[in-house]
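Participant: Protein chains in written order, with this note's numbering: chain Y, 1 to 504; chain Z, 1 to 271.
If you're looking for bench data, these hints aren't it; they were derived computationally from the structure.
From the three backbone atoms N, C-alpha and C, an ideal C-beta is built for every residue, glycine too.
A hint or two may mislead.
Some, not all, of what chain Y presents toward chain Z, calculated at C-beta under 7 Å [claimed, not checked]:
#, residue
1, E82
2, D191
3, Y257
4, G258
5, F259
6, N451
7, E455
8, K458
9, G459
10, L460
11, I462
12, V469
13, I473
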Amino acid sequence: MKKIISLALSLCLLLPFVFLLAGCGGKTSQKEVLHVYNWEDYISEPTQNSDGSTENDYVDLIAEFEKEYNVMVEYSTFGTNENMYNELQINPGAYDLVCPSDYMIMKMISENMVEPFTDDFLQNSTYMKYASPYIKQLFEENGWTKYAVAYMWGTMGYVYNPELSDTVEEDLSSWAGLWQEQYASVATIKDSVRDSYFLGVAVVYRDELMALKEQFKKGTIDRHEYNRQVTQIMNRTDEKTIEATKNTLLELKENLYGFEVDSGKQDMVVGRISINFAWSGDAVYTMDDAEPYFNEETGKEEPGIYLNYIVPEECSNIWFDGWVMPKGANVELAQKFIDFLSRPENTVSNMNYIGYTSAIAGDAVFTEMTDWYSEGEEGDLDEEGSPLVPYDLNYFFNGTSDGEYKDGDYIIYVSAESAKRQISAQYPTQEVLDRSAIMQHFDDATNAAVNEMWEEVKGLPIPVWAYIVIAVIAAGIIVVALSYVYKGKRSDPKPKKGYRRVTK
Amino acid sequence: MMQSLHFSRKQLCIPYALFLVLFVIVPMLLILFYAFTETVDGAIRFSFANFINFFTSTAKLSTLLMSFTVAIISTAACLLIAYPVAYILARSNLRRKNVLLMIFILPMWINFVLRITALRELLDLIGLLGTQNYLNTIIGMVYDFLPFMILPLYTTLEKLDNSYLEAAADLGGSKFTVFTKVTFPLSLPGVISGVTMVFMPSMTNYVVSDTLSNFNITILGKLIDQYFTAYDNWHMGSMISIILLVIIFLTLLATGGFKDSDRETRGANLW
Numbered sequence: 001m002k003k004i005i006s007l008a009l010s011l012c013l014l015l016p017f018v019f020l021l022a023g024c025g026g027k028t029s030q031k032e033v034l035h036v037y038n039w040e041d042y043i044s045e046p047t048q049n050s051d052g053s054t055e056n057d058y059v060d061l062i063a064e065f066e067k068e069y070n071v072m073v074e075y076s077t078f079g080t081n082e083n084m085y086n087e088l089q090i091n092p093g094a095y096d097l098v099c100p101s102d103y104m105i106m107k108m109i110s111e112n113m114v115e116p117f118t119d120d121f122l123q124n125s126t127y128m129k130y131a132s133p134y135i136k137q138l139f140e141e142n143g144w145t146k147y148a149v150a151y152m153w154g155t156m157g158y159v160y161n162p163e164l165s166d167t168v169e170e171d172l173s174s175w176a177g178l179w180q181e182q183y184a185s186v187a188t189i190k191d192s193v194r195d196s197y198f199l200g201v202a203v204v205y206r207d208e209l210m211a212l213k214e215q216f217k218k219g220t221i222d223r224h225e226y227n228r229q230v231t232q233i234m235n236r237t238d239e240k241t242i243e244a245t246k247n248t249l250l251e252l253k254e255n256l257y258g259f260e261v262d263s264g265k266q267d268m269v270v271g272r273i274s275i276n277f278a279w280s281g282d283a284v285y286t287m288d289d290a291e292p293y294f295n296e297e298t299g300k301e302e303p304g305i306y307l308n309y310i311v312p313e314e315c316s317n318i319w320f321d322g323w324v325m326p327k328g329a330n331v332e333l334a335q336k337f338i339d340f341l342s343r344p345e346n347t348v349s350n351m352n353y354i355g356y357t358s359a360i361a362g363d364a365v366f367t368e369m370t371d372w373y374s375e376g377e378e379g380d381l382d383e384e385g386s387p388l389v390p391y392d393l394n395y396f397f398n399g400t401s402d403g404e405y406k407d408g409d410y411i412i413y414v415s416a417e418s419a420k421r422q423i424s425a426q427y428p429t430q431e432v433l434d435r436s437a438i439m440q441h442f443d444d445a446t447n448a449a450v451n452e453m454w455e456e457v458k459g460l461p462i463p464v465w466a467y468i469v470i471a472v473i474a475a476g477i478i479v480v481a482l483s484y485v486y487k488g489k490r491s492d493p494k495p496k497k498g499y500r501r502v503t504k
Numbered sequence: 001m002m003q004s005l006h007f008s009r010k011q012l013c014i015p016y017a018l019f020l021v022l023f024v025i026v027p028m029l030l031i032l033f034y035a036f037t038e039t040v041d042g043a044i045r046f047s048f049a050n051f052i053n054f055f056t057s058t059a060k061l062s063t064l065l066m067s068f069t070v071a072i073i074s075t076a077a078c079l080l081i082a083y084p085v086a087y088i089l090a091r092s093n094l095r096r097k098n099v100l101l102m103i104f105i106l107p108m109w110i111n112f113v114l115r116i117t118a119l120r121e122l123l124d125l126i127g128l129l130g131t132q133n134y135l136n137t138i139i140g141m142v143y144d145f146l147p148f149m150i151l152p153l154y155t156t157l158e159k160l161d162n163s164y165l166e167a168a169a170d171l172g173g174s175k176f177t178v179f180t181k182v183t184f185p186l187s188l189p190g191v192i193s194g195v196t197m198v199f200m201p202s203m204t205n206y207v208v209s210d211t212l213s214n215f216n217i218t219i220l221g222k223l224i225d226q227y228f229t230a231y232d233n234w235h236m237g238s239m240i241s242i243i244l245l246v247i248i249f250l251t252l253l254a255t256g257g258f259k260d261s262d263r264e265t266r267g268a269n270l271w
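Bound conformation, chain Z alone (with noise of 0.2 Å):
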């Protein structure tokens, strides 16, 4: 009897595919609903006017401006400070770098907004906070997802094959040229899922920026949070949403993140 039991791939995917169903599809079908619907007297019904409404607003555009530039100063950043401590660990013989990997990835497994609350009590201390809101939005975010950077340069950049360097070097290229013309662009998938990772929560991450910035900084996801808990309009703030999604799925689109004919960073996309 036990022999004979097992599970056909159809039977084992029936999980998942209920899983996705509940929690991907149905979600995102409401979203779209109520993004292009309005309630009117009670009543629900078509329409444009939240799309409308976001597009002619100062305040929606200036704050989707904000979320930009806030976004990609904290992924510049991040990608400044990763690449080197990547490049390093995974480049260098260090004995224990797994010991040294850890200590960057550490943070990681405490509490975020407990490790935002500490962060605020620091900027408090050194006399940036109250007084540097950008700055402190800025700290703050680069702080909470720096090992989201580190991670898959590491993992792109121990995976680079050693030979390729050697080739070049060997062929006369400076240690510059070498890692211009070979290290960086074979650590390229690494960039890219580093930069979606880190550049997309920045955008909607308001903890960090109401509490950093004293609610000074409004950026898309404190938005969004607001439409659905303070106004009380769930069509705008599902609108919000699609919007952030489209741009996002965008920014995937420019930067390459759906390819996966490459098999050899397949992995590195992932983390």
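Excised from the complex, chain Y in its bound form (with noise of 0.2 Å):
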């Protein structure tokens, strides 16, 4: 009976990790329950406060499509398309709705992983009612329209400070105008191998890029085959590109105030760096935060930089964040939920909160938008006078209406100065998407050799001082070494007669 007590009692010092171990278990519902893992900060939800309450700011999507709905969602995060993809691998259908990038989706639906939509879905959904057709085509081009539908997308390009110097629009209408000298040391790039192979792709094929575009405003191609051509040799990564690509990086290296992951976006706006490589969302984001703005609170006007927002000549890349439901997912209440996102109304809710451009178009969106960004009526003047200039979205709101606009009726009309800075992130221009390229997924040789390319980029150069250091460390401990070898024979005496050696 003793032994027994206290063997229990000495297993109740284990419950605590017990109860950790199970923690995540236990919870019985009737109602149906909907598991969303998508990235941090990817929904519009409201601010929570220390004390556990919430502000009244954003709306709640995930509450009100549980009401609607009468469902449960056990709603997860994640940091990277990479832990997403090895939770998934530990965890197969722990989850019925992902929302991993491009490249990630494409390995995903290879490796069939993924469950296709109903048909019911592909043809009378609220997706895709209200899709953008520049979206939709883009995915049935690729072959993706079965298997995943977008969330946010973008482009790539660099948010620049335009009184930098006088000539740093022209500069940086290309992607090399980062390697120039006089932009030693005011500017970021990604601390992200792909996006950073993209850049130096970019620049180590400028040439080419350059002719093609001049055949396409030639009209010896057309918009079609330029796309073609530019997305082939942005996904070029045999030997001779990675090593070219890895030279002309370490060229940047060299030139750059450093890399980031999430400071750029800090660092612009209080302007410790003047140029940084950036998503087009993150874009919008720095522009936003370093704008001059009327503080209510005090009466009083901020002070701030306007920035721009330019995606060089060459080309860009087209990013997108997209919707999967992971093989044995509940597809049913999945497709529920993305038809819920993809409501107009909501795709604003969710615009307002993230900030990205949201892959669906419609009434609402445009309406929005138009509240955002225009500044008057064709015809108007700005505040210095000239005339507004029309910034033209019909290729992406197109056919997407429900009776409040007629296509071509989507313009937006703003100031030249306005037309570089948010709206140009949120929506490219037609002009721009001409020239951009989806980044295709590498397999593994490619992925492997690309990687080690990177850190080489990121371990190289060695400083001569480093070499010297080890040197003399190396040096020294042979010098220690070799006198203790010398010093042991020497002064280990044997004790006299009579003595005993002293131990310790």
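Assembling the complex is the task here: the two chains are given apart, and the hints tell you how they should meet.
Facilitator: Next comes the structure, spelled out in structure tokens:
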């Protein structure tokens, strides 16, 4: 008896661990549960206060969905595509809906990891009704329509401070602008292998890309062929390309302020750097944060800087994040969730919260964009007296209206200055999209080679003094070791007769 | 009934044994498993590829070299700063020397990421950020790990028997000789313990190098992180961890960190 009790008590010491391990289970609910796995901060939700209450600032989309369909949503988030992929490998069947980036979607489709959408969804869903024709065509051409739907999308470009130099706009109309000596230590690029590889390749094949552009302008090749060839160039991963990209990126590294993961936005806003290689969504955020604004609390105009966004002439990268349903998912419910998010009014809530550009068009979205960006009607003048310029979004919104707008109406009039700011990052023009390539998913061997290239870019060059330090230390160690060996032999005399050896 | 409750040593050990197995042995075995395998077409198989790759890759070897350099310089700088501080604090008759010691230890109680972010702002203010990447990293490491050097030095120096020093002085040793022949050798356990506690983390603490060098300097810890989070190759990541482990093990062996025959210095080795 004693033994049993004490054993039980000692096991009690373990209980905390047991609870920790079992902490995930235990919820019993009759409601259907939808398991959603998404990026952090990638759906509209109200701000949490430190005391656990919520502000009334953003729409709680998840709660609204739960209420409307009488279901439960288990919502969890990830930080990188690779973490998400590993989680799916370890826990197959644990999620109904995940939101990876373009290349990861391609990888998952090629590995047969995702469920197709139902025919009913492909024909009659809210998503299919309101998704932009541009996005739908992109998915159709690449053969993803059956397996994935787009959520947020955008381009890559440079955010820059137009006051940096007189020629900065012209210089940055090429990706190679960043390599110029006059921009030493004022720019950052992403600490991310795929994005930086893209930048490097664009500079390596600059001449080829510009020649293609000439051909397209002359009309020798059509829009489709132009885009196809740009995409082909930007997806080169042969040995020569990787080597050349490595060298050009190593050259760039000497000229950079540094790399960044998330700090680029803040560093731009405070003026620590003046050029940042950025995703369009982050660019919008940065420009919003940096510009002067009217502080309602103090009633004063707060100072700031107007930043610009530019997509260089050679090419750009179209990126997107999209929803896929992993094998074994609750397809019906997952599709309901996608449709719920695809309602234009919910899309507006999402865009307000996230700041990125949704793949969904529709009346509510266009009205909101007009609200954000429009500075007047056709023929109006801006503050300096020049006429407003049209910003044509027909390619994106045509055919998604419920009656409020007509096809061809989707033009926003902005000043020439504003056309270089947020709106250009939010919605690229048709011209930019012509030269924008999707970056394919690399196979394992290519991935390894590109990663190795990136490691070298990050790890080299080793400064000379580092070799000296190592050499000095190595010499020091050898000297000490030798002296020990020598001393050990000499200073261990035999104890005199009649004495015992002293032991420690 | 109450009296009869008592634990045998064996029973008391159960939680700790379980802890060891679950959180030390099993993870280690997993790392070993991943390090010596590779995934080809979705199937895992035994392989030395990662090991060979590490020692033939320019990128990885230069990262190893860089980590070594950063760690060595940081450790040396820590030792040079911490020894006088610990010596003064331990040997002087200052009243409230505990308060002084606490001031040096105080930063340890503030969240480490916060401290490094603050340091980034400070370095920006001085004008070092973005220009002196190596210096910044080393400043960051020293700033962060200094308490780990001061504490063991302080404990050994404080326990040092004064009569040794008096004897040495009585026998005609100058202050300098007393220090080099008596004080320093006797404080060696503290030095070794401090060195190990600074050297190892400064080879891997990539938050410091990333934040303060604007991602310009890559050290081994960063490489491991990249393999797990960005490159999606757990095998190589595990292999680098194992290599790092072996390096650390060898350093410990060389500095005699495993010896604990010396009863008097045991405590110092812990702290």
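Participant: Of the hints stated earlier, which fail here?
Facilitator: Hint check: nothing fails, all pass.
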